[in-house]
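Trainee: Chain residues, written in single-letter form:
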Amino acid sequence: MTTDEEEGMERHLRAVPAAAQAPADPAVAMAALLERTALGDTAAYEELYGLVAGAVFGLALRIVRDRDMAEDVAQEALVEVWRRAARFDRESGTARSWILTIAHRRAVDRVRSEQAHTTRVQAQAPTVEVDHAGPEDVIDDMHSEWQAARVRAGLATLTDRQREALDLCFYKGFTHREAAKALGIPLGTAKARIRDGLIKLRDGWGGER
Amino acid sequence: MSEELHTLAAPYVVDALEPAERDAFEAHLATCADCREEVASLALATEELAASHAVTPPPSLRAAVMAEVSRTPQLPPVVEPVAEPAAEPAADAGATADAVAGRTAGASVSSAAPAASVDVVDGDAASVTPLARRRAGRSRRWWIAAPVAAVSLAVLVVGGVMIADARSDRAAQQALEADALEVAGASDMEAMAMDLGTGRLMVSAETGSVALLGSSAPVPDEGREYQVWLVMRDGTVVAGPTFTPGADGDYLAVSDADVAQVAAVALTEEPEGGSEAPTMEPFAVTEMPAEA
Ligand SMILES: [Zn+2]
Numbered sequence: 001m002t003t004d005e006e007e008g009m010e011r012h013l014r015a016v017p018a019a020a021q022a023p024a025d026p027a028v029a030m031a032a033l034l035e036r037t038a039l040g041d042t043a044a045y046e047e048l049y050g051l052v053a054g055a056v057f058g059l060a061l062r063i064v065r066d067r068d069m070a071e072d073v074a075q076e077a078l079v080e081v082w083r084r085a086a087r088f089d090r091e092s093g094t095a096r097s098w099i100l101t102i103a104h105r106r107a108v109d110r111v112r113s114e115q116a117h118t119t120r121v122q123a124q125a126p127t128v129e130v131d132h133a134g135p136e137d138v139i140d141d142m143h144s145e146w147q148a149a150r151v152r153a154g155l156a157t158l159t160d161r162q163r164e165a166l167d168l169c170f171y172k173g174f175t176h177r178e179a180a181k182a183l184g185i186p187l188g189t190a191k192a193r194i195r196d197g198l199i200k201l202r203d204g205w206g207g208e209r
Numbered sequence: 210m211s212e213e214l215h216t217l218a219a220p221y222v223v224d225a226l227e228p229a230e231r232d233a234f235e236a237h238l239a240t241c242a243d244c245r246e247e248v249a250s251l252a253l254a255t256e257e258l259a260a261s262h263a264v265t266p267p268p269s270l271r272a273a274v275m276a277e278v279s280r281t282p283q284l285p286p287v288v289e290p291v292a293e294p295a296a297e298p299a300a301d302a303g304a305t306a307d308a309v310a311g312r313t314a315g316a317s318v319s320s321a322a323p324a325a326s327v328d329v330v331d332g333d334a335a336s337v338t339p340l341a342r343r344r345a346g347r348s349r350r351w352w353i354a355a356p357v358a359a360v361s362l363a364v365l366v367v368g369g370v371m372i373a374d375a376r377s378d379r380a381a382q383q384a385l386e387a388d389a390l391e392v393a394g395a396s397d398m399e400a401m402a403m404d405l406g407t408g409r410l411m412v413s414a415e416t417g418s419v420a421l422l423g424s425s426a427p428v429p430d431e432g433r434e435y436q437v438w439l440v441m442r443d444g445t446v447v448a449g450p451t452f453t454p455g456a457d458g459d460y461l462a463v464s465d466a467d468v469a470q471v472a473a474v475a476l477t478e479e480p481e482g483g484s485e486a487p488t489m490e491p492f493a494v495t496e497m498p499a500e501a
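Protein sequences, first through last, are from chains H and V. Oh and the first sequence: position 152 is 152 in the working numbering, straight run, nothing missing. Oh and the second sequence: position 144 is 353 in the working numbering, straight run, nothing missing.
With the rest of the complex left out, here is chain H (with noise of 0.2 Å):
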């Protein structure tokens, strides 16, 4: 099945700097190496596997808040972008999006299922401040520390209550009606926090790429 446009993809990716020096660009090479693990090429998995299991199990750790429960989650998420990954399609968003979104989702469902609904609502207080995981563990490359740096930059420039929204659904598994009910508001507003931090989010980091 070796098509000509995977060959293309193949020299492109020998092209690109070895992944240790990690690329300024990964996302080519991983869409690349998502594709050739669809085809059930476990070398190109492993591959992938090193450019952003450190990604995906901070996620994991960043909601779940729980080292074992963080693998187990970050081990779940691996094995379905390998068990889904003829599913990704490069021209409706990039690979380590298309791996985070399945991370966060295991991680989300993960939180709620072991937190009861109404003990969740209850316990998180509605000033919950957007805090970041410990320095220790955070892997120590220019490239992180740059998008840390951004990410806390952008999530400053929010107001107060977008920033609550989001920390609640993003990082605490709350649905967009227990975050609303948490703050004391319309669901519409809670989804338009939600929208409108997102957009200025996405704005700001748009041109530093």
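Simulated from the structure, these hints should not be mistaken for lab results. Heads up, a few of these hints could be off.
[As the list claims (entries may be wrong)] If the Cβ cut is set under 7 Å, some of the chain H residues that face chain V in the computed set are: (1) L100; (2) R110; (3) V111; (4) R112; (5) W146; (6) T175; (7) I194; (8) L198.
[As the list claims (entries may be wrong)] No more than 25 Å apart at the CA atoms, straight line, and that leaves these computed lysine to any residue pairs for SDA-like: (9) K200(H) <-> E213(V); (10) K181(H) <-> R65(H); (11) K200(H) <-> A249(V); (12) K181(H) <-> P228(V); (13) K181(H) <-> E227(V).
Even glycine gets a Cβ: it sits at the ideal position worked out from N, Cα and C.
Assemble the complex: chain H is given as a structure, and chain V with the ligand must be docked to it using the hints.
Mentor: Only chain V with the ligand this time, still in chain H's reference frame:
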């Protein structure tokens, strides 16, 4: 209700929808370019957020993942590789192991199930690249079984089944998704598990309908379809819509119902086109909560 659909993109990208809503919105996404665009655009922000927490994973993770991967079959592309020549044993093995593609392979030759209409392109599929086929199949991800031909009988029986008649497949699918979302969003909606893949049954007296959706369902044997049955409190059994899961086992069926009178919802496998009365014991039955 339809304007409601388009406001779910933001909660969707942060995974803040309830499972039923999430499924219904994904079904909507398959047919709404505006929402797909919004999701892709907002996902630029969530991707950065998600990627900014990278932490060195424990070394045990790689070994565990690679071990699991070595025994985990892969899903086939959305358009199944049924016409794949035998020269591709790896892909074949994966597809067959997944059971879905394996079983659809037989059915697709005669396009027995309407849901398999993806397979109508098989002749072409064999001559194009896997990537192109994957793209071609993309918009069909939420392919709904039985939109047109197979359903006429069931529609007559149930009356208001919202699939069918002369509408195009696509319009029928959109209508079905909108109906499902309406049920999902109803304030009195109750969701229950339904034992077909990862099935969820949603009922709402407010909308007067029951919606069944799920994924990972096996494809029925050739010439057979699933059929929904409404078991009424007075003991009568009302025929509901028929459906066949799409390539990745996703399915969606909606039926009008006098919800207060429904005691249970059951599923059987019936000959294509459905039956007026069940021809087998149901393989899945979900009882409604007792009346308050
Ligand atoms: Zn829409």
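Trainee: If a hint holds in the structure, say so; if it doesn't, say that too.
Mentor: Okay, the hints, checked on the actual structure:
1. L100: Holds - the Cβ of L100(H) comes within 7 Å of chain V, reaching about 4 Å at its closest.
2. R110: At about 12 Å, which exceeds the 7 Å cut-off, the nearest Cβ of chain V leaves the hint on R110(H) violated.
3. V111: For V111(H), the interface hint is violated, since the closest Cβ of chain V sits about 10 Å away, which is over 7 Å.
4. R112: violated (9 Å)
5. W146: Since chain V brings no Cβ nearer than about 10 Å to W146(H), farther than 7 Å, the hint is violated.
6. T175: holds (5 Å)
7. I194: Constraint on I194(H) satisfied, holds at 5 Å.
8. L198: holds (4 Å)
9. K200(H) <-> E213(V): Measuring from Cα to Cα gives roughly 23 Å; hence the hint holds.
10. K181(H) <-> R65(H): holds (23 Å)
11. K200(H) <-> A249(V): Roughly 15 Å between the alpha carbons, so the hint for K200(H) and A249(V) holds.
12. K181(H) <-> P228(V): Cα-Cα ~18 Å, so holds.
13. K181(H) <-> E227(V): Roughly 14 Å separates the two Cα atoms, so the pair holds.
Of the hints listed earlier, those the structure fails to meet are numbers 2, 3, 4, 5, in rising order.
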